[in-house]
Amino acid sequence: MAEYVRNLWYMAAWAEEVPKGGFLARKLLDRGWLIYRCADGGWAMLADRCPHRFAALSKGQRAGDTIHCGYHGLGFDRSGACVHNPFGGEPPAGARVPTLPIVERYGALWFWPGDPALADPASIPDFAFAQGPEHVRGHLSMQASYEYITDNLMDLSHAEFIHRESFGVNGSLLHHGAQQVLTDDSGAIWNNWDITDADPPAWAKPMLPEGARMDQWLHMRWHAPASMALYIGLARAGTDRKEMVVPPMANPHIITPETAGSSHYFYTREPGDAAADMVRRVFKEEDEPMILSVQEGFGGADFWDARPVILPSDAGAIRARRRLMQLRRAEAS
Amino acid sequence: MAEYVRNLWYMAAWAEEVPKGGFLARKLLDRGWLIYRCADGGWAMLADRCPHRFAALSKGQRAGDTIHCGYHGLGFDRSGACVHNPFGGEPPAGARVPTLPIVERYGALWFWPGDPALADPASIPDFAFAQGPEHVRGHLSMQASYEYITDNLMDLSHAEFIHRESFGVNGSLLHHGAQQVLTDDSGAIWNNWDITDADPPAWAKPMLPEGARMDQWLHMRWHAPASMALYIGLARAGTDRKEMVVPPMANPHIITPETAGSSHYFYTREPGDAAADMVRRVFKEEDEPMILSVQEGFGGADFWDARPVILPSDAGAIRARRRLMQLRRAEAS
Amino acid sequence: MAEYVRNLWYMAAWAEEVPKGGFLARKLLDRGWLIYRCADGGWAMLADRCPHRFAALSKGQRAGDTIHCGYHGLGFDRSGACVHNPFGGEPPAGARVPTLPIVERYGALWFWPGDPALADPASIPDFAFAQGPEHVRGHLSMQASYEYITDNLMDLSHAEFIHRESFGVNGSLLHHGAQQVLTDDSGAIWNNWDITDADPPAWAKPMLPEGARMDQWLHMRWHAPASMALYIGLARAGTDRKEMVVPPMANPHIITPETAGSSHYFYTREPGDAAADMVRRVFKEEDEPMILSVQEGFGGADFWDARPVILPSDAGAIRARRRLMQLRRAEAS
Numbered sequence: 070m071a072e073y074v075r076n077l078w079y080m081a082a083w084a085e086e087v088p089k090g091g092f093l094a095r096k097l098l099d100r101g102w103l104i105y106r107c108a109d110g111g112w113a114m115l116a117d118r119c120p121h122r123f124a125a126l127s128k129g130q131r132a133g134d135t136i137h138c139g140y141h142g143l144g145f146d147r148s149g150a151c152v153h154n155p156f157g158g159e160p161p162a163g164a165r166v167p168t169l170p171i172v173e174r175y176g177a178l179w180f181w182p183g184d185p186a187l188a189d190p191a192s193i194p195d196f197a198f199a200q201g202p203e204h205v206r207g208h209l210s211m212q213a214s215y216e217y218i219t220d221n222l223m224d225l226s227h228a229e230f231i232h233r234e235s236f237g238v239n240g241s242l243l244h245h246g247a248q249q250v251l252t253d254d255s256g257a258i259w260n261n262w263d264i265t266d267a268d269p270p271a272w273a274k275p276m277l278p279e280g281a282r283m284d285q286w287l288h289m290r291w292h293a294p295a296s297m298a299l300y301i302g303l304a305r306a307g308t309d310r311k312e313m314v315v316p317p318m319a320n321p322h323i324i325t326p327e328t329a330g331s332s333h334y335f336y337t338r339e340p341g342d343a344a345a346d347m348v349r350r351v352f353k354e355e356d357e358p359m360i361l362s363v364q365e366g367f368g369g370a371d372f373w374d375a376r377p378v379i380l381p382s383d384a385g386a387i388r389a390r391r392r393l394m395q396l397r398r399a400e401a402s
Numbered sequence: 070m071a072e073y074v075r076n077l078w079y080m081a082a083w084a085e086e087v088p089k090g091g092f093l094a095r096k097l098l099d100r101g102w103l104i105y106r107c108a109d110g111g112w113a114m115l116a117d118r119c120p121h122r123f124a125a126l127s128k129g130q131r132a133g134d135t136i137h138c139g140y141h142g143l144g145f146d147r148s149g150a151c152v153h154n155p156f157g158g159e160p161p162a163g164a165r166v167p168t169l170p171i172v173e174r175y176g177a178l179w180f181w182p183g184d185p186a187l188a189d190p191a192s193i194p195d196f197a198f199a200q201g202p203e204h205v206r207g208h209l210s211m212q213a214s215y216e217y218i219t220d221n222l223m224d225l226s227h228a229e230f231i232h233r234e235s236f237g238v239n240g241s242l243l244h245h246g247a248q249q250v251l252t253d254d255s256g257a258i259w260n261n262w263d264i265t266d267a268d269p270p271a272w273a274k275p276m277l278p279e280g281a282r283m284d285q286w287l288h289m290r291w292h293a294p295a296s297m298a299l300y301i302g303l304a305r306a307g308t309d310r311k312e313m314v315v316p317p318m319a320n321p322h323i324i325t326p327e328t329a330g331s332s333h334y335f336y337t338r339e340p341g342d343a344a345a346d347m348v349r350r351v352f353k354e355e356d357e358p359m360i361l362s363v364q365e366g367f368g369g370a371d372f373w374d375a376r377p378v379i380l381p382s383d384a385g386a387i388r389a390r391r392r393l394m395q396l397r398r399a400e401a402s
Numbered sequence: 070m071a072e073y074v075r076n077l078w079y080m081a082a083w084a085e086e087v088p089k090g091g092f093l094a095r096k097l098l099d100r101g102w103l104i105y106r107c108a109d110g111g112w113a114m115l116a117d118r119c120p121h122r123f124a125a126l127s128k129g130q131r132a133g134d135t136i137h138c139g140y141h142g143l144g145f146d147r148s149g150a151c152v153h154n155p156f157g158g159e160p161p162a163g164a165r166v167p168t169l170p171i172v173e174r175y176g177a178l179w180f181w182p183g184d185p186a187l188a189d190p191a192s193i194p195d196f197a198f199a200q201g202p203e204h205v206r207g208h209l210s211m212q213a214s215y216e217y218i219t220d221n222l223m224d225l226s227h228a229e230f231i232h233r234e235s236f237g238v239n240g241s242l243l244h245h246g247a248q249q250v251l252t253d254d255s256g257a258i259w260n261n262w263d264i265t266d267a268d269p270p271a272w273a274k275p276m277l278p279e280g281a282r283m284d285q286w287l288h289m290r291w292h293a294p295a296s297m298a299l300y301i302g303l304a305r306a307g308t309d310r311k312e313m314v315v316p317p318m319a320n321p322h323i324i325t326p327e328t329a330g331s332s333h334y335f336y337t338r339e340p341g342d343a344a345a346d347m348v349r350r351v352f353k354e355e356d357e358p359m360i361l362s363v364q365e366g367f368g369g370a371d372f373w374d375a376r377p378v379i380l381p382s383d384a385g386a387i388r389a390r391r392r393l394m395q396l397r398r399a400e401a402s
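Chains as they are written, first to last, in the working numbering: chain V, 70 to 402; chain E, 70 to 402; chain P, 70 to 402.
FYI, nobody ran anything at the bench for these hints, they're computed from the structure.
Here the structure is a predicted model, which is why all the values come from computation and not from measurement.
The beta-carbon is built from N, C-alpha and C at its ideal position, and this holds for glycine as well.
There may be inaccurate statements among the hints.
[Unchecked claim] Derived pair list, reagent style DSS-like, types lysine-lysine, alpha-carbon separation capped at 25 Å:
1) V:K353 / P:K128
2) P:K353 / E:K128
3) E:K353 / V:K128
[What the hints assert, rightly or not] Which chain E residues stay away from chain P? Per the calculated CB distances, all over 10 Å, these:
4) W112
5) H121
6) G142
7) P167
8) M276
9) E279
10) A329
11) A343
12) A375
13) R390
Generate coordinates for the entire structure from the input sequences, incorporating the hints supplied.
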C-alpha cells in the first residue's frame, strides 16, 4: 500500500458522475468508497465495507440516505452510524462505517483523507474554468502511478515526440521556448513555457496573416497531490499577447491515486465525437503506454534511489516531487 | 500456504467422480493428489508428484494399480513404492511417493492429512442421507477460503437478502425466528433456526389450508473442518412438527480447501436441469460473489485481528471459527 | 531476480533476426536490451532504458547509429553516450546507457553480461554446423527456467515417453543403450548415449536391409550456461559407424534466460511446413507442458534443497547443474 499525503484535498469524481438517488462506488487511495448526494443536497462518503462481515456496501441498496448491506441487511446513515438491524433491537455496538469529509466545488467532489479538523474547503485549488455546459467533463483510468503521470504533465516537451501527429506539432517548437518555474501564494507550482517570435504550427497558420510569426505560452499549474491546470495561449508575435489568435484555453488534468500503480484522470474536452476520439488517442494510446514504460523502467524502485538523469526541462516536475516528499515526511514525523 | 488442521477427515471427492480404471487428479490443501480405486476395491491416494523430477504423475498413465510417470517412466504402486524403472535393475533408493489414508463412506471419499495412526473412520461425520439415486451429487469450485464459505452457511440470514428471489423468501422470515447454538456428542456444532407460527413463504402457501400459519426449522450441523449438513422442515403451526407440508430435507454442504483462497464445494441436488440451474444461480451467482467481496474486504488480514462486528446471529459461525482455531493451536503446540 | 553467472557468453539472437537498419528489442537476464548492426558492420547492444526518465528506448527511433528516445528525444550512440539533446547545448552529464560486449559468431549474436575485460570470443562454443541455407534458424519462448530446460535436454530418455509418437520411437530403445558422461578441453560436458546392435525404429527400417540391426548414438554437448548441441547418428550394426543410414545430424539447443522463469530457445530445423509443425509439436506441446509441470513441482524451491531422487540417467544433467553452481559461487566470492 502506498504512502499517501493525507492532509490534502483529492478529487473523487465529477459531481455529475454520481447517479441521482443512487451512489457511486470508486476505489480511491487503495480503498473502496461509496459516494452519494443526500436528500438535503449535501454529500456523503462512506467506506465501501460493512463493519459486520466486510462485504462491499456497494453490493447493497440505498433507501433514502441509508445504505443497506446486501449480505445481512444492516443499514448505515450518512454519518456511518448503524441505524438498522433486520433482527430488530439496538444497532450492534461498534458497527460504524468510516466516513471522509467531502465537498462539491467547481462541479467536482473533493475529499480529505486526513485529519477532518484540518479540512478547509478554502484550500481546494481553483478549477472554476472547468464548469459550464461548453465543456464535457470526463474520467478515465490509467494503470500508472499518479507521480509518473505528474512527471509527464509537468514536462510538456514530451508532446513534441509522442503527440507530434495528434497535435500537429513540428517536433522542436517547445525546445526553443523559455522555461520558468514559479510558485504562487496558493501553494501552486507553475511550469511555464513561453515561445516568442516563432513560426506558427500548421494548424494556426490559417488564422494568421501570411508569413506572420507568433508567441505561444503553455503554463502548467500544479497543486499537491496531482491536481493540475494547463493554460494555453497563442498570439501574434510582438503584440503583448493581446492579439490572440484563438481564445485562451484552460484544461484540468486532475489525477487521483486509485492504488499505488493506478490512477483516476479527470479532464474536460470539447463536445463531439472528434474530441472524444482525440482524448482516447492522446491519453490512452500515446501517454499511457509511455508512462507504463517509465513505471516498468523504475521497476518499483524509489525515484531518487534510481538516480534518473535530471534535465533542466524537469525543473517543474522535480519541484513537485520534492514538495510531495516534504509533505510526506512532515506527516510521518 | 495456509495452516490447516491436519488430524481431521476431509472430503476429497464423491466416489463416483473417479473414472473407472483411471484416476482423479485434484488439488487439496495446496498439493496435487491422485486418487484411484484399486483392483481389490480399495482406494489409493498418492501425491501427484514424481519424486524423481517432480513432474505431475497425473500427466502419466495407469497400468493395473501402478502409476507410471509420463516423463521418464518410473512406476509407483498404491503404497507409493517405486516398482518399475525402465532402465531396469533395482528401483532407485528413496523413490517413494507420499500417500494419505483414504476411505469411502456415504458415497464420498475421505482423506486424513495428519498422523495416519490417528485416522479412525468412525469419526467421519454422518452423511448417509446424501446417498441414493434420488440425489445428484455435485462438485463445484469457489474462489474463496473455506472459512468464509463456512461463515456464509452458518448464518443463513443471508438468504433473506442474496437468495430472496431464487428462494422466493420474503426478506424477514428468519429474523423472527429463535436461534439456538448447540454442540452434540459427535463434536458437531449446530446452528438452529426455529420459526414458529409465521405466515408461510409464497411457495408453501398452496400446500396449506387458506390462512394457515406454519412452523419452519433450518438446522445447520457443522463438523470440523467445514463439513456441514442442513436439515430443513416445514409443518403446520402448532402441530408439534408432525404435520409436515413437505418431506424433511437434508443437504450436504461439504467444503474442502483447495488452497488458502479456493475451495471444493460438495453438494447434492434433485435431478433435472431446473435444479442444476438453481445450484449454479445460488452458489455461483449469488453466494460466491458476496463471499469474494468479504474475502477482499478482509484483504488477507487475520479474521480476529480485523475486528469485525459480531452480531448474535453470528453465534454458530463464531463458535465454528473458535473450534478450528483451538484445533490449530493444539496441533501447533 | 535470478542469480546468473555473469562471465559467460550467452546467445542473444540469430543475427538474421535483427531487422536491417532497425533494431531488435529483447529481454535477456531480466532486463530489456536493444541490439543493432552499425553502419560499419559491427554490433551494438544497449540497455533498453533511457537514463533520463527510464522509458524503453525501443519505443523510440533509430537514426544512423543513434537511438533517439521516443519520450523526450535524447539520442545515444553505440557506446551508450548521449550525443543529442533536443534542447541544445551539452549532452546532460551522466546520461549514459549501459552497453554489453556483443559479437557475431556462427550466425548467432553472443553477449557477455560480466566483466568486459574477460570477454574473449575464443570461448564461444562451436556452433559452426548451425550455419548455412540448408537450415532454418528459429527462436521460441518457453515459460520455464533455463535450468529445467537443460535437465530435459541432458536426459534424452524423456523422448521415449513424451515424444514417442512424434519421433516414432518404441518406448525402450534408449534404456538399453550405454550412457557415458565426459568433459572435454573446451569445458563442455557430454552426455552420450550409444545404442548397439538394436532393432531399428520404425522410421529407419526402410533404409536398412530386411532384418538388419543398427547402432545409434545421441551425444549431447553442454556449455555453460545452457548452450547445447545434439549430435545424432545411425549406422548398420557392427560397421564401426561407417555405414551410416542417414547423414549425421547436429542440432543446436541454445537456451538463454529471459527471466528466472522464462527462456529463449534457439534451434534449427529443416525447411518446410512439416518441420515447422514438428518443432511446434515437440517443443511447445510436448516438452514445455512437462517442463512447466516440473517447475511447478519444485514450487520455487532450490533444486538441491528439494532433494529430488537422482537416477544414473541424470548424470549429465547433474554434472551441468553442479558446474553452474560452482561458477555462481566462484563469482559470488
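Against the structure, the hints:
1. V:K353 / P:K128: Given that 25 Å is the threshold and the Cα spacing comes to 15 Å, the pair holds.
2. P:K353 / E:K128: Distance of about 16 Å is within 25 Å: holds.
3. E:K353 / V:K128: 16 Å, holds
4. W112: The claim stands: W112 of chain E keeps its Cβ more than 10 Å from every Cβ of chain P (closest is about 24 Å).
5. H121: 5 Å, violated
6. G142: Violated: least Cβ distance 6 Å, not greater than 10 Å.
7. P167: Given that every Cβ of chain P is farther than 10 Å from that of P167 of chain E, nearest at about 13 Å, it holds.
8. M276: About 54 Å separates M276 of chain E from the closest Cβ of chain P, which puts it past 10 Å; holds.
9. E279: 64 Å, holds
10. A329: 14 Å, holds
11. A343: Fine: 39 Å to the nearest Cβ keeps A343 of chain E off the interface.
12. A375: Its Cβ never comes within 10 Å of chain P, the nearest being 28 Å, so this holds.
13. R390: 29 Å, holds
Checked against the numbered hints listed earlier, the structure breaks hints 5 and 6; every other hint is satisfied.
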